[in-house]
Amino acid sequence: DAKTTQPPSMDCAEGRAANLPCNHSTISGNEYVYWYRQIHSQGPQYIIHGLKNNETNEMASLIITEDRKSSTLILPHATLRDTAVYYCIVSARRAGNMLTFGGGTRLMVKP
Amino acid sequence: NAGVTQTPKFRILKIGQSMTLQCAQDMNHNYMYWYRQDPGMGLKLIYYSVGAGITDKGEVPNGYNVSRSTTEDFPLRLELAAPSQTSVYFCASSRTGDEKLFFGSGTQLSVL
Numbered sequence: 001d002a003k004t005t006q007p008p009s010m011d012c013a014e015g016r017a018a019n020l021p022c023n024h025s026t027i028s029g030n031e032y033v034y035w036y037r038q039i040h041s042q043g044p045q046y047i048i049h050g051l052k053n054n055e056t057n058e059m060a061s062l063i064i065t066e067d068r069k070s071s072t073l074i075l076p077h078a079t080l081r082d083t084a085v086y087y088c089i090v091s092a093r094r095a096g097n098m099l100t101f102g103g104g105t106r107l108m109v110k111p
Numbered sequence: 001n002a003g004v005t006q007t008p009k010f011r012i013l014k015i016g017q018s019m020t021l022q023c024a025q026d027m028n029h030n031y032m033y034w035y036r037q038d039p040g041m042g043l044k045l046i047y048y049s050v051g052a053g054i055t056d057k058g059e060v061p062n063g064y065n066v067s068r069s070t071t072e073d074f075p076l077r078l079e080l081a082a083p084s085q086t087s088v089y090f091c092a093s094s095r096t097g098d099e100k101l102f103f104g105s106g107t108q109l110s111v112l
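Chains as they are written, first to last, in the working numbering: chain B, 1 to 111; chain Z, 1 to 112.
There could be a bad hint or two in this list.
Claimed, not checked - Result set (PhoX-like, lysine-lysine): computed pairs, CA atoms no more than 25 Å apart in a straight line: (1) B:Lys69 - Z:Lys57; (2) Z:Lys44 - Z:Lys57; (3) Z:Lys100 - B:Lys52; (4) Z:Lys100 - B:Lys3; (5) Z:Lys9 - B:Lys3; (6) B:Lys69 - B:Lys52; (7) B:Lys52 - B:Lys110; (8) Z:Lys9 - Z:Lys57; (9) Z:Lys44 - B:Lys3.
Said to hold, decoys possible - Some chain Z residues well away from chain B (every beta-carbon gap over 12 Å; in silico): (10) Arg11; (11) Leu13; (12) Met19; (13) Glu59; (14) Ser69; (15) Thr71; (16) Glu99; (17) Leu101; (18) Gly106.
Simulated from the structure, these hints should not be mistaken for laboratory data.
Where is the CB? At the ideal position from N, CA and C, for every residue including glycine.
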């Protein structure tokens, strides 16, 4: 699976959009971009995933560049409850969804 | 639905002791996984299973064993506990191999 690079930490004001970047320059054609988050010490929570088109669900939007070498997770109106570590993961869909969780980005939403 | 249930939530072991971490899911998921997370780090895959009777090693399997006799349960066995196994252990499941993972709330284990 391709390696990802994320900033270790970011701040965001409550009510503003949080834009979390992720670089995955070695991504291959069959690899998807997944985003999970981990609030405090809870188990990680799935947010969204995509292959090459932009995706949106009730939690967030995922913007993937045309060359697929980077992506951005957007939380449109961040709340204090969005404070968490956000993991960007690149993985090919195959038997055994063995996602590799790196260091992630610690997002702090401030009032 | 309870989702993925892990027990116990906390445990302290002495060096050399053994224990089993329990994981159960009620979503009829075929795939189940065990991860560990050391302080300030990401998650590392220990073992996974693609169905009852089938298990395979992940990134850090040494010192652990698993079994999958039913679809619902995927226990993780620690034999001869060592301080290096002090960690938070997460169990997860997914319906198929390429769908999102559902995680349990974790077991915090300390080996002293």
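Results for each hint:
no., hint, verdict
1, B:Lys69 - Z:Lys57, "violated, 30 Å"
2, Z:Lys44 - Z:Lys57, "holds, 12 Å"
3, Z:Lys100 - B:Lys52, "holds, 18 Å"
4, Z:Lys100 - B:Lys3, "holds, 19 Å"
5, Z:Lys9 - B:Lys3, "violated, 32 Å"
6, B:Lys69 - B:Lys52, "holds, 10 Å"
7, B:Lys52 - B:Lys110, "violated, 32 Å"
8, Z:Lys9 - Z:Lys57, "holds, 24 Å"
9, Z:Lys44 - B:Lys3, "holds, 14 Å"
10, Arg11, "holds, 15 Å"
11, Leu13, "holds, 19 Å"
12, Met19, "holds, 20 Å"
13, Glu59, "violated, 8 Å"
14, Ser69, "holds, 19 Å"
15, Thr71, "holds, 16 Å"
16, Glu99, "violated, 7 Å"
17, Leu101, "violated, 6 Å"
18, Gly106, "violated, 6 Å"
In summary, the structure is inconsistent with hints 1, 5, 7, 13, 16, 17 and 18 from the numbered list given earlier, while agreeing with the others.
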